[in-house]
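So the protein sequences, as listed, match chains A and B.
Numbering that gives the first Met the number 0 applies: residue 0 is where the first sequence begins, and numbers increase by one.
Numbering that gives the first Met the number 0 applies: residue 0 is where the second sequence begins, and numbers increase by one.
Mixed in with the good hints, there may be bad ones.
[What the hints assert, rightly or not] Simulated crosslink set (DSSO-like; lysine-lysine; CA at most 30 Å straight-line):
| id | chain 1 | residue 1 | chain 2 | residue 2 |
| --- | --- | --- | --- | --- |
| 1 | B | Lys142 | A | Lys68 |
| 2 | B | Lys68 | A | Lys195 |
| 3 | A | Lys68 | B | Lys195 |
| 4 | A | Lys242 | B | Lys195 |
| 5 | B | Lys44 | A | Lys44 |
| 6 | B | Lys86 | B | Lys142 |
| 7 | B | Lys44 | A | Lys86 |
| 8 | A | Lys44 | B | Lys86 |
[Stated by the list, open to error] Take a look, some chain A residues computed to stay more than 10 Å from chain B by CB distance:
| id | residue |
| --- | --- |
| 9 | Gln85 |
| 10 | Gly178 |
| 11 | Arg203 |
| 12 | Pro237 |
| 13 | Glu258 |
Since the hints were derived computationally from the structure, they do not count as laboratory data.
For each residue, glycine too, the CB sits at the ideal point set by N, CA and C.
Protein chains: 2
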Amino acid sequence: MNVLLVYAHPEPQSLNGSIRDFMVDRFVRAGHVVEVSDLYAMRWKANLDAEDFPQRDATQPFRASADSKRAFAEGAQTADVAAEQQKLRRADLVIFQFPLWWFSMPAIMKGWFDRVYAYGFAYGVGEHSEKRWGERYGEGVFKGKRAMLVVTTGGWAEHYSERGINGPIDDLLFPIQHGALFYPGFDVLPPFVVYKSSAMDATRHNETLGALAERLDNAMQAAPIAYRSQNRGDYLIPALTLKPGLSADRIGFALHRSEEKSQILPVEVSEEDESKQKMRA
Amino acid sequence: MNVLLVYAHPEPQSLNGSIRDFMVDRFVRAGHVVEVSDLYAMRWKANLDAEDFPQRDATQPFRASADSKRAFAEGAQTADVAAEQQKLRRADLVIFQFPLWWFSMPAIMKGWFDRVYAYGFAYGVGEHSEKRWGERYGEGVFKGKRAMLVVTTGGWAEHYSERGINGPIDDLLFPIQHGALFYPGFDVLPPFVVYKSSAMDATRHNETLGALAERLDNAMQAAPIAYRSQNRGDYLIPALTLKPGLSADRIGFALHRSEEKSQILPVEVSEEDESKQKMRA
Numbered sequence: 000m001n002v003l004l005v006y007a008h009p010e011p012q013s014l015n016g017s018i019r020d021f022m023v024d025r026f027v028r029a030g031h032v033v034e035v036s037d038l039y040a041m042r043w044k045a046n047l048d049a050e051d052f053p054q055r056d057a058t059q060p061f062r063a064s065a066d067s068k069r070a071f072a073e074g075a076q077t078a079d080v081a082a083e084q085q086k087l088r089r090a091d092l093v094i095f096q097f098p099l100w101w102f103s104m105p106a107i108m109k110g111w112f113d114r115v116y117a118y119g120f121a122y123g124v125g126e127h128s129e130k131r132w133g134e135r136y137g138e139g140v141f142k143g144k145r146a147m148l149v150v151t152t153g154g155w156a157e158h159y160s161e162r163g164i165n166g167p168i169d170d171l172l173f174p175i176q177h178g179a180l181f182y183p184g185f186d187v188l189p190p191f192v193v194y195k196s197s198a199m200d201a202t203r204h205n206e207t208l209g210a211l212a213e214r215l216d217n218a219m220q221a222a223p224i225a226y227r228s229q230n231r232g233d234y235l236i237p238a239l240t241l242k243p244g245l246s247a248d249r250i251g252f253a254l255h256r257s258e259e260k261s262q263i264l265p266v267e268v269s270e271e272d273e274s275k276q277k278m279r280a
Numbered sequence: 000m001n002v003l004l005v006y007a008h009p010e011p012q013s014l015n016g017s018i019r020d021f022m023v024d025r026f027v028r029a030g031h032v033v034e035v036s037d038l039y040a041m042r043w044k045a046n047l048d049a050e051d052f053p054q055r056d057a058t059q060p061f062r063a064s065a066d067s068k069r070a071f072a073e074g075a076q077t078a079d080v081a082a083e084q085q086k087l088r089r090a091d092l093v094i095f096q097f098p099l100w101w102f103s104m105p106a107i108m109k110g111w112f113d114r115v116y117a118y119g120f121a122y123g124v125g126e127h128s129e130k131r132w133g134e135r136y137g138e139g140v141f142k143g144k145r146a147m148l149v150v151t152t153g154g155w156a157e158h159y160s161e162r163g164i165n166g167p168i169d170d171l172l173f174p175i176q177h178g179a180l181f182y183p184g185f186d187v188l189p190p191f192v193v194y195k196s197s198a199m200d201a202t203r204h205n206e207t208l209g210a211l212a213e214r215l216d217n218a219m220q221a222a223p224i225a226y227r228s229q230n231r232g233d234y235l236i237p238a239l240t241l242k243p244g245l246s247a248d249r250i251g252f253a254l255h256r257s258e259e260k261s262q263i264l265p266v267e268v269s270e271e272d273e274s275k276q277k278m279r280a
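Using the sequences and the hints given, assemble the complete structure.
Printed below as a string of structure tokens:
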């Protein structure tokens, strides 16, 4: 398969650098083709602005959506953006790797989404009617592809647990996983999170890479997060609120996961992961 | 009072541009001093990297936290970062205004947090012991100051409601409001959100500015979001999980708000806001 690794860390000689190298090596040894978008090394332009649309009418005010739509439709995007879109089209699996800074992505990766996710490519796609509200949340350009976050945090696992002060990690990542990955059609795998990244000894480093290897090896078989598809009947259209009776006992982001248990991870992988997470905590 | 407006939109002739101008005018007329950090106009450098620390030992790997700590302590930060920190020190109220792109800030504003929030300034502050875990979440450099988000979205209010497909707006903004504003000590006011920004006629524009004016006029009196302070007894230390029994009937981010109703907004303002929000919806 084809793997794209979108990677945002400023220092190759870092925990993130070693995890990146491990992942690339693991995929290549398994016979996969890996492309890496190393955003810092590429000196990726983070800020979406009028300069991204060199053929626009500069006498008119800049409109991010309208200018993006026109440039995408007319093949008038900048080369860096078009190249990332081509990498995405080639990929079967896309991994986004970054350190959690202020509970989100580093700016350079946010700017990758802001610029690469053009109107007509990742949003503003499909019919809007009484039955459908565009191709999004389960449909879209990335339908059939899988995505996964690989994240490091300075904080402890408990601080990101169900009752931890930072908020549950799954909820903190929801704007990315649901809003930026499931939205344009990716099946989103559970994230791989490395806590306490600044206190990593050799033993825990090895355990972490071992657990990660299992996740990578099973990436195309493992169950994705069971987010609800927008256009398959769970939501009222156009209000796009979850229909009464569904997830009636839940609040917040948890509403948007299906109540059924669909696929289950292979038992040995799941238990292994859990025991290692406990050791890390 | 002193107001700092941190503003991220690439086009002055936009809804965001008109809201910014309105806010500046409103504050100035009321006799306040306003500074604006117009990040696009300043061509703000978004990407935190080794170039932010010109005096660092370039023979050593770059460490974002350690290099930030040293530069902050030694007065060796870049001038753009030091200037933003001075603006923050002067401010009584800080407003962050931006369009919601992929359910978060534009990259240029994320890069403002990544770079301005130095180690020793906004994090890594204070004693870590069995009773305290640093000065954060209710304590910190911005203690006594207030902050508020002013956000525009293309989506409808219903899509961001309690059962809306995008997730509740308060939860989507939690990583910013709790993680980046309450964390270093701000009292965080409820956000002012303008939905359906691309379908704004003159009537709704005027209503929106009217509702915003009331929020600005009451910014120093209104009740902030009742997030729980870290070091006042609600959390176990160092696990930093909410103590058993507190918010026992809640899950997710809602855990971290106090159950008591502390201050209440003046009735006339609260009702006015609500009716206008319904009209917008």
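Hint check results:
As the CA atoms of lysine 142(B) and lysine 68(A) are separated by approximately 44 Å, the hinted pair breaks the 30 Å bound. Proximity of lysine 68(B) to lysine 195(A) is assessed by CA-CA distance (about 18 Å); at most 30 Å being required, the pair is judged to hold. Taken as a hint, the lysine 68(A) and lysine 195(B) pair is honoured in the structure, with Cα atoms around 18 Å apart against an allowance of 30 Å. With a CA separation close to 22 Å, the supplied pair lysine 242(A) and lysine 195(B) stays within the 30 Å bound.
Taking the CA atoms of lysine 44(B) and lysine 44(A), the gap is about 10 Å. The hint holds against a cut of 30 Å. Between lysine 86(B) and lysine 142(B) the CA atoms are separated by roughly 15 Å; this keeps the pair inside 30 Å, and the hint holds. Straight-line distance between C-alpha atoms of lysine 44(B) and lysine 86(A) comes to about 26 Å, which keeps the hinted pair within the 30 Å bound. Taking the CA atoms of lysine 44(A) and lysine 86(B), the gap is near 26 Å; set against the 30 Å cutoff, the hint holds.
Residue placement check: glutamine 85(A) keeps its beta carbon more than 10 Å from all beta carbons of chain B (closest about 20 Å). The beta carbon of glycine 178(A) sits about 4 Å from the closest Cβ of chain B, which is not more than 10 Å, so the claim that it is off the interface is violated. No Cβ of chain B approaches the Cβ of arginine 203(A) within 10 Å, the least distance being about 18 Å, so the stated non-interface status holds. Not every C-beta of chain B lies more than 10 Å from that of proline 237(A), the closest at about 8 Å, which undercuts listing it as non-interface.
Every beta carbon of chain B lies more than 10 Å from that of glutamate 258(A), the smallest distance being close to 14 Å; the non-interface claim holds.
When each numbered hint is compared with the structure, violations occur for hints 1, 10 and 12.
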